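Number of protein chains: 2
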Amino acid sequence: MNNAKLHAFIPVFYLAWSDDLLTQKEFQTLNDFIKNQSWLSEEEQSFLLSKIAISNPPSREDLNHWKLELEKIVQKDSSVTSIFDMVKALSNNDVNLLKLQPDFMKLENDLGFLGEEVISNFKKTASSITSETQTNTSFDIAKLTAILDGAQAPIINKVKSIISQPEFAYETTTDVTVYRNKVYEWCQILAKHNLGNMAYPKQYGGGENIADYFAVMETLSYHDLSLVIKFGVQFGLWGMSVFSLGTAKHHEKYLSAIGSLELPGCFAMTETRHGSNVKGLETTATYNHDTKSFTIKTPTKDDQKEYIGNAAIHGQMATVFAKLIINGQDYGVNAFIVPIRDAKGNVAKGVAIADCGLKMGLNGVDNGTLSFDAVVIPKENMLDRFASVNEKGEFESPIPSDNRRFFTMLGTLVGGRIGIPRSALAAAKSGLTIAIKYADQRRQFGPQGGSEIPILNYRMHQRRLLPHLAKTYGIHFGLQYLTNRFLARTEEEMQEIEALAAGMKSYSTWSTRDILQECREACGGKGYLSENRIDALKNDTEVYTTFEGDNTVLMQLVAKNRLSEFRKSFGEMNSLGIINYVFENAKTAVSEKNPIATRKTDEAHLLDSEFHLQAFQYREKSVLAAAARRIKKLIDDGLDPYDAFNVVQHHMIDVAQAYLERITLEQFQIAIATVEDEAVKVTLIKLAQLYALFQIEKNKGWYLEEGYMEAVKTKAIRKMVNQLCWDIRPDAVALVDAFAIPESCIAAPIAFQ
Amino acid sequence: MNNAKLHAFIPVFYLAWSDDLLTQKEFQTLNDFIKNQSWLSEEEQSFLLSKIAISNPPSREDLNHWKLELEKIVQKDSSVTSIFDMVKALSNNDVNLLKLQPDFMKLENDLGFLGEEVISNFKKTASSITSETQTNTSFDIAKLTAILDGAQAPIINKVKSIISQPEFAYETTTDVTVYRNKVYEWCQILAKHNLGNMAYPKQYGGGENIADYFAVMETLSYHDLSLVIKFGVQFGLWGMSVFSLGTAKHHEKYLSAIGSLELPGCFAMTETRHGSNVKGLETTATYNHDTKSFTIKTPTKDDQKEYIGNAAIHGQMATVFAKLIINGQDYGVNAFIVPIRDAKGNVAKGVAIADCGLKMGLNGVDNGTLSFDAVVIPKENMLDRFASVNEKGEFESPIPSDNRRFFTMLGTLVGGRIGIPRSALAAAKSGLTIAIKYADQRRQFGPQGGSEIPILNYRMHQRRLLPHLAKTYGIHFGLQYLTNRFLARTEEEMQEIEALAAGMKSYSTWSTRDILQECREACGGKGYLSENRIDALKNDTEVYTTFEGDNTVLMQLVAKNRLSEFRKSFGEMNSLGIINYVFENAKTAVSEKNPIATRKTDEAHLLDSEFHLQAFQYREKSVLAAAARRIKKLIDDGLDPYDAFNVVQHHMIDVAQAYLERITLEQFQIAIATVEDEAVKVTLIKLAQLYALFQIEKNKGWYLEEGYMEAVKTKAIRKMVNQLCWDIRPDAVALVDAFAIPESCIAAPIAFQ
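Residue numbers (the UniProt record's numbering), protein chains in the order written: chain R, 1 to 753; chain A, 1 to 753.
The hints are simulated quantities; they were obtained by calculation from the structure and are not laboratory data.
Computed from a predicted structure; not experimentally measured.
Keep in mind that the hints are not guaranteed to be accurate.
Identical copies go unnamed one by one, so any copy, or any two together, can satisfy a pair.
To be verified - Simulated crosslink set (DSBU-like; lysine-lysine; CA at most 30 Å straight-line): (1) 600 x 632; (2) 182 x 249; (3) 560 x 698; (4) 568 x 202.
Could you build the full structure based on these sequences and the hints that come with them?
Here is the structure:
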């Protein structure tokens with residue numbers, strides 16, 4: 001092309017044929033554009049039209065040539081930011097062309113281009129903010145690890161060193177029998193190290209250290225989760241049921257053999273027809289006056305004990321929950337020790353055991369069903385701490401209500417609802433370690449002309465992983481708090497602590513479910529390969545939301561507890577009282593819900609930990625008060641209370657959720673207040689801010705409905721969440737390194753590239 | 001107790017010792033209450049206090065006796081609704097007691113009781129609305145099935161009858177080799193039935209029926225998902241790449257052998273280092289002028305082909321995507337047929353194959369890695385529909401841009417993004433069938449004195465499953481629409497259809513992920529047992545969100561397409577123009593966003609399909625316009641376009657999401673309009689209403705931010721969602737029966753109780 005004004009149309013040609021896929025209609029738009037240039041001669045028009053005729057594409061070489069010319073222009077002059085700017089530069093400032101600026105702008109629009117994006121494709125070395133961010137640790141990782149481990153550091157380190165030994169190398173077989181035996185062997189090794197009996201009294205060989213026992217459960221969870229569950233079934237469920245529900249004679253007879261794993265056993269509560277509603281169990285233990293014994297009986301197939309860990313292969317005895325029957329009268333659910341097989345593996349007479357078969361995960365645990373066809377056990381096998389049959393064959397108990405006795409018994413077993421969420425927490429930490437380390441190394445896409453960038457630099461990837469990282473830190477401190485409350489419990493506090501445990505169990509296990517799902521997807525195809533361990537982490541923890549209490553059912557219990565606390569602290573439901581309840585005092589009410597506060601968006605306010613906690617508390621109390629009012633109104637309107645509670649079930653989940661979120665944030669903030677190292681503190685504060693604002697963003701519909709925030713504020717919060725993700729990204733790898741999970745446990749090749 | 005006024009305190013004694021767990025503090029409250037009754041003699045007080053002394057519990061018999069007395073009162077007089085009412089009835093209207101009403105009300109509050117709930121526990125047969133709802137089908141199931149199957153009913157029924165045969169009995173081994181071979185055998189049987197070549201031209205033995213091919217994929221997905229993926233790899237990816245990218249010589253040579261499964265093959269695109277960014281593939285195909293051949297080479301281990309289905313065991317050839325190099329010049333990614341092993345299983349010279357090993361799911365598919373150490377293939381093995389090397393050794397193509405050519409090639413393979421979401425849809429239908437049938441039969445808890453009730457009667461359970469059921473119906477019609485658009489496509493529409501396919505692939509596979517997660521949890525422990533099949537459904541479909549394009553990346557593509565459409569239809573971004581765009585015309589704007597509309601909550605309005613669609617359209621357009629404005633502003637403010645697009649990634653997901661939700665609702669409504677049977681129509685309308693309102697509820701934060709709705713309306717919508725769940729519940733079983741999934745495929749024992 002020797003004609004400058006024709007030369008100037010190169011950008012148009014190039015765009016027509018290059019990366020952006022123009023449709024036939026858009027080619028027509030280009031044609032019309034050229035035909036409208038009446039200042040061009042007919043010949044010139046024809047020439048231009050021939051260059052953009054669909055039937056006559058340029059050669060690949062022509063295209064490359066055009067591209068080089070355009071690159072030269074863009075790279076020479078940084079003020080070139082639109083297609084017209086390129087045209088102008090190529091035209092030698094032809095007057096006719098200069099007049100065409102509006103036409104070219106319209107053309108850009110008609111074709112759906114963003115001029116700046118097109119231009120950036122011609123820049124040689126596109127450096128960008130997105131490509132420059134990278135891992136850059138701002139604090140001492142070991143100091144943070146020390147804060148996380150706290151007083152349990154010695155036992156945590158001991159467990160880590162044991163599970164890093166070669167005999168704990170992962171078993172990768174798909175043969176369930178091999179896997180189950182391997183897990184059993186691991187448990188034996190752990191028992192030898194006196195880890196199983198950690199919580200038992202010293203007189204039975206135990207460590208008498210419940211805090212350490214929980215730390216053992218959590219740390220073992222970095223390794224194999226079948227191992228943790230098998231370990232928990234043996235030493236926690238089986239052993240602690242004998243300890244908590246039995247008396248000295250049982251402790252002396254069984255505890256040290258349980259703690260050493262000489263006597264493997266089961267915890268047989270759940271039945272096929274009764275899982276959540278354990279009060280409705282149908283297995284019976286009928287007292288025989290003549291022989292001073294009990295007959296254990298499974299009435300029908302649907303009443304068999306189900307999912308019982310240790311039952312299919314290894315268990316020799318079981319704590320069986322059954323309705324005690326004396327002289328035909330039902331005395332409610334009690335617990336009995338029933339032998340199910342001998343040490344050689346022969347199944348006891350009258351006992352039928354079946355294997356639950358393959359499961360979604362935890363296939364290293366031998367779950368089975370148990371049924372009892374008139375199995376006779378001696379009287380002393382009744383775990384008789386809370387109820388017994390006296391020498392005359394009469395029922396005796398310090399707790400007259402069958403129901404209350406049963407819940408008191410269950411209350412002694414609440415430790416399981418601490419061990420499980422802490423195990424779930426460890427699994428979430430493992431998943432995040434794998435996904436974040438991979439995201440820091442894995443490169444995909446990048447600016448034109450630049451190299452590919454780590455996927456953790458992408459906003460979506462940050463949004464997918466970093467709020468989960470913040471939540472995991474929050475839950476860590478929340479579970480520490482739960483553990484401490486449990487260890488220091490008084491009788492008076494038990495109901496509250498039971499509700500807290502039920503709630504944190506749900507909150508942590510659901511969080512882990514969501515986190516591992518996101519980790520799997522964030523690792524793409526690599527996340528699907530079993531070698532990268534998200535498979536096992538995800539499928540093994542999948543049932544955590546179900547066992548030790550179905551989460552949805554537990555959340556209803558938590559909400560009912562909150563409701564009953566609410567009724568106690570605040571019986572009369574007049575509006576002023578509720579406002580006082582929600583805002584604690586009227587002064588806060590005014591300052592929180594006035595038009596200035598609801599529209600306040602300055603950074604200092606949005607990042608203020610007091611604002612966060614107040615917003616969480618406000619939500620917690622308002623949702624609770626509203627639920628109480630709704631139930632009252634439904635019943636006043638004539639609904640049966642049972643129906644009324646069904647109607648508000650969905651609301652009740654919010655009551656529990658809001659409570660658990662407040663607990664988590666509060667404990668996160670309290671923990672941070674004690675941190676002395678400044679760099680660690682600054683980082684943890686950012687995480688707590690991200691946790692708080694991410695939850696508020698999630699609940700923004702509610703805050704807007706309540707008028708607690710206006711749109712300008714919720715939008716500012718969304719922006720701040722993005723900013724915090726961006727700010728935390730350089731520390732993300734250090735923050736998972738601080739979990740200090742043994743490399744042999746992480747194992748995933750993608751975490752070590 | 002012979003004294004009536006003391007007798008009247010029985011409710012207090014009973015409450016102290018019965019089911020409700022009073023704490024020590026609350027016992028104190030009771031003590032204080034009694035001590036404050038100055039009208040009682042000291043002796044009387046002592047007597048009462050002795051009954052509620054913690055150290056002196058009543059006997060179990062006393063407790064039972066009290067209970068019987070209270071039951072008598074409550075059952076005799078239905079006006080008894082508080083603890084005080086019971087006291088009154090027991091007191092013979094003692095004047096002193098009658099004055100105590102406020103005190104007793106306060107006591108109820110102090111103890112945290114809800115009087116009505118306590119009373120309802122004494123009612124003998126508590127019948128309630130919750131316990132009375134049950135399955136009660138309102139329409140002809142076969143008629144609904146006919147609507148779902150449409151014109152594909154014959155092929156669907158044919159496939160169902162084949163996969164119900166005994167040779168398709170599920171393989172339950174954990175031995176991967178056995179499973180893979182079984183899946184391969186199944187594929188051979190399907191090939192014999194001419195199902196594999198369904199989409200190929202008749203001249204190569206095919207059925208030339210793409211619509212039927214998609215129906216085959218979807219229906220096979222009721223059976224084993226490894227089977228579907230193996231089938232799809234062979235006949236879809238491998239066969240269709242030869243068909244779509246090759247020319248007559250390739251079709252003649254390969255197609256009929258591929259269709260009969262005599263020639264198993266692979267589709268080798270993804271590399272370890274390049275999954276989403278396929279444009280960056282590193283494998284090379286270098287042209288050798290002297291021998292007129294290509295040398296296929298894997299530069300480094302990180303560039304090996306990865307996750308390739310059929311590669312580890314069965315594949316004999318592969319369509320390999322590689323950069324074409326002629327005389328040292330790179331001509332972009334092209335496709336080549338490369339033999340990888342012979343019919344006896346001997347791996348070809350220069351080819352290295354490794355097994356990807358165990359995966360989270362789809363273990364019946366033999367995924368492997370492929371690398372090529374200077375493997376030489378003849379010139380004719382280049383799939384040369386879009387590019388070729390001529391006799392002179394020069395590159396030729398009708399599409400000059402390498403990039404554009406590559407995306408044109410990819411465009412021909414868009415069928416995979418229809419087959420996968422339809423397979424995901426089938427898996428969701430299977431999961432919902434199992435979970436809903438189980439929930440209809442599984443009983444747990446119930447009103448005091450009544451029997452346990454089906455868990456599907458609980459509001460939370462309805463909320464967990466029924467909106468998913470509604471969404472599944474919506475997606476069914478959305479995918480029918482996608483299929484029809486694809487079948488009737490013109491060149492002009494291809495970009496839109498590609499974006500639609502990418503979007504619906506993400507929307508459907510994410511929906512299936514969420515649905516199967518909820519189904520697993522909703523089935524509790526039973527859902528964790530592999531025999532109930534949610535395990536396989538969930539783990540097999542887990543990677544659907546990753547393969548055929550990572551969902552998060554695809555959503556960005558969809559949003560970019562929407563943005564470019566937006567720019568075309570609406571280049572100048574002044575405010576009036578945007579309002580016109582968002583509301584289509586000013587008249588609607590006024591009627592939709594005025595204070596009456598934003599606060600309108602009457603039932604007719606909330607259930608109005610026009611309101612639903614307008615709300616979806618408003619969201620779609622507003623979110624899109626806002627994204628366009630934001631990007632423009634960021635770039636105007638000096639941000640690199642690459643950074644600007646990173647900043648808005650999260651917003652872009654919303655753009656795509658809102659578009660897909662609108663498409664789904666719109667197609668759902670259009671499909672309903674053609675239904676003739678009134679009973680079916682009424683039911684589908686309820687489902688569409690539930691789908692619409694549930695999405696609006698989910699997005700309520702946005703609607704409130706925008707002022708499109710006020711709190712009074714979003715709250716009314718939440719209530720309506722609950723009501724719709726309740727109304728649909730009796731038809732829930734019929735609605736999954738209408739999917740008409742073969743019983744042998746459902747297989748889960750819990751679905752057949």
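>> Run through the hints listed earlier and report the numbers of any the structure violates, in increasing order.
In response: 2, 4
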